[in-house]
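Visitor: Let chain A serve as the given structure and place chain B on it in line with the hints.
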Amino acid sequence: MLFIIEQIIKVISLIVPLLAAVAYFTLAERKIMASMQQRRGPNVVGFFGLLQPLADGLKLLIKETVLPSSANTVLFIIGPIVTFQLSIMSWAVIPFDFGSTFIDMDVGVLYLLGISSLGVYGIITAGWASNSKYAFLGALRSAGQMISYEVSLGLIILSVLVITNSLRLSEIVISQSGCWFIVPLFPTFLMFLISALAETNRAPFDLPEAEGELVAGYNVEYSAMGFALFFLGEYGNMLLISVFTTILFLGGWLWPFANVLLTSFFKIIPGYLWTGIKVAAMAFFFVATRAVLPRFRYDQLMYIGWKVFLPMSLGFLLFVSGFIFSFQLQTNNYHYLLSAEQIEIFLAQHTAYSELLFAITSVMS
Amino acid sequence: MISCALFVVLTMNTVYAVFFLIFSFCVASAILLYLGFEFLAMVFLIVYVGAIAVLFLFVVMMLNIRFIPWVKKDLRFAPLGFLVLAFFLVLFLFVVLHIESDTYYTLTAEESYSSASSFWMLSAAENTEMLGTLLFTSYGYPFLIAGYALFIAMVGAIVLTLRHIPLPSKKQDAFVQVTRVLSTVRLFYKNRKI
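Keeping their order, the protein sequence lines are chains A and B. Going left to right, the first sequence walks through residues 1 to 365 as my numbering numbers them. Going left to right, the second sequence walks through residues 366 to 559 as my numbering numbers them.
Chain A on its own, in the form it takes in the complex (with noise of 0.2 Å):
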């Protein structure tokens, strides 16, 4: 009873703080781009506009729900509750400091592109069940983009997996706590970037929502929750891909610059404040992007991922896994590493990758 007590404690406490920072994820979206086009951005609601969230959301609660007459009601009310399921499911794995994760999984990077790719079925059952031709049209479009750019970030994640030798997703933050990957692998770096845009549905990729050809995509006919349900989805989404980022080359909570003199500097601020600050940084990278680029055809995406992003980042894979087989670089495994004594040491003295092999060949011996 205590166990199912504390577990519904956690998964509360994991989930309520997500809500929280996508509701102020689309608050800072609409204040960086009013900035970016020199407008003011909503600032009537509270101080500076700091509780529109909340009325956004009172406002989509108390809207009427309205059911098309010709749609297929059960599927029209399960999309949009599958979307934000899986939007909220994959957060699970997300490892926010040394330790603090709801599940450590074996295979993390694979859990989280499992449940992604399960998220194309929200968008189409959506789409079909609305029984209206832009819905349909506008779900065909996000589900093959979604599909076709999968395949080029399951490349570039591949080849962030052959350095550090585990899907784990805090092994492959510790692995970098001599360098994060953004530096040996920038050119995948900046791929992965593009395809996240792509993947997430946003600008300048967002092609399912092009409102000057489909009215608004796959959400056309929702209104009141149903939206809002989309809505919290996709942003959860993009948050969620930008943790991904972090994790996969910006050093996951581990602070830059691993030499003794910068990390007691560093070390003021807590791990989780890392993550936060690098995770908030790819979210400007989002909405900055939405402010600044137009957007493309969708022959022209489809051109990008399948010609271009698909054999640089296989080219790219092969190019990886062959540096690190001839110069043997292969690292060992740290599964061993994360039982809870050794949690302890970690923290008590990880400053740089040498100190951490030191650490574990002193726990060893």
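Because the hints were derived from the structure by calculation, they are not lab data. There could be a bad hint or two in this list.
Within a straight-line C-alpha distance of at most 30 Å, the following computed DSS-like cross-link-like pairs (lysine-lysine) qualify [claimed, not checked]:
1) A/Lys133 / A/Lys63
2) A/Lys307 / B/Lys536
3) A/Lys133 / A/Lys59
4) B/Lys535 / A/Lys307
5) A/Lys133 / B/Lys536
Chain A regions said to be covered by chain B (calculated; three or more residues, Cβ under 8 Å) [unchecked claim]:
6) 109-119
7) 139-150
Quick partial rundown of chain A residues pointing at chain B, CB under 8 Å, derived from the structure [what the hints assert, rightly or not]:
8) Trp128
9) Leu167
10) Gln300
A virtual CB, placed ideally from N, CA and C, is assigned to each residue, including glycine.
Guide: Just chain B, lined up with the frame of chain A:
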């Protein structure tokens, strides 16, 4: 899982049939997860649910067939289906009876007995590593042959769909468009000075 599979065949709405297929894939993946094969379960989820079933759903949704009544269901292929079912049942029984002699179990036992010092290597992620080791060492040639079979299937699919369009289609080459210089561009306004 069996009830899901039955509903795939029995339901009248084709889209629902595909959704039940997806459910049965998900349940299969959950069974694998319970058996402790995390890697296989996740790959099952990604490949079958995330890629193949989406394509099924695409096709079914675009064909615009909503309801197939019971009367119209074609039962000519039912005996063939039962034959395939019987074949797989026999195969399944065969595997279950011979599972002790499987390489996976012997290898696991050997590793766990021989390397007591590296106990942490077996504590976590062992089946992912084990699968990789097995696929690339003892089952290397079958793995390669499977890869070639898939490759040939892909080439076949491309050959089936490839048609040379006789008319010049209006294609846009982004590279040519970006790299052209002003002197090669044909201008429509000849009188204007540049």
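Visitor: A/Leu167 was flagged as interface toward chain B. Is the shortest Cβ-Cβ separation under 8 Å?
Guide: A/Leu167 check passes; min Cβ-Cβ to chain B is 7 Å, inside 8 Å.
Visitor: Is it true that the CA of A/Lys307 sits at most 30 Å from the CA of B/Lys536?
Guide: The given pair, whose Cα atoms are some 15 Å apart, holds under the 30 Å limit.
Visitor: Tell me if chain B covers the region 109-119 of chain A under the three-residue, 8 Å CB rule, please?
Guide: This one holds; 6 residues, not fewer than the three required, reach chain B with a Cβ under 8 Å.
Visitor: What's the verdict on B/Lys535 and A/Lys307, does the C-alpha distance respect the 30 Å limit or exceed it?
Guide: Between B/Lys535 and A/Lys307 the Cα gap is close to 18 Å, so the pair holds against 30 Å.
Visitor: Decide if the proposed pair is consistent with the structure: A/Lys133 and A/Lys63, CA atoms, cutoff 30 Å inclusive.
Guide: 25 Å, holds
Visitor: Using 8 Å as the Cβ threshold, decide whether A/Trp128 counts as touching chain B.
Guide: 5 Å, holds
Visitor: Classify the hint on A/Gln300 as holds or violated, based on whether any CB of chain B lies nearer than 8 Å to its CB.
Guide: 7 Å, holds
Visitor: Are there three or more residues in the region 139-150 of chain A whose C-beta lies within less than 8 Å of some C-beta in chain B?
Guide: holds (count 4)
Visitor: For A/Lys133 and A/Lys59, compute the direct alpha-carbon distance and say whether it is at most 30 Å.
Guide: Holds - the C-alpha atoms of A/Lys59 and A/Lys133 are around 28 Å apart, at most 30 Å.
Visitor: Quick one, are A/Lys133 and B/Lys536 close enough, alpha carbons at most 30 Å?
Guide: Answer holds: A/Lys133 to B/Lys536 is near 27 Å, not above 30 Å.
Of the hints listed earlier, there is not a single one the structure fails to meet.
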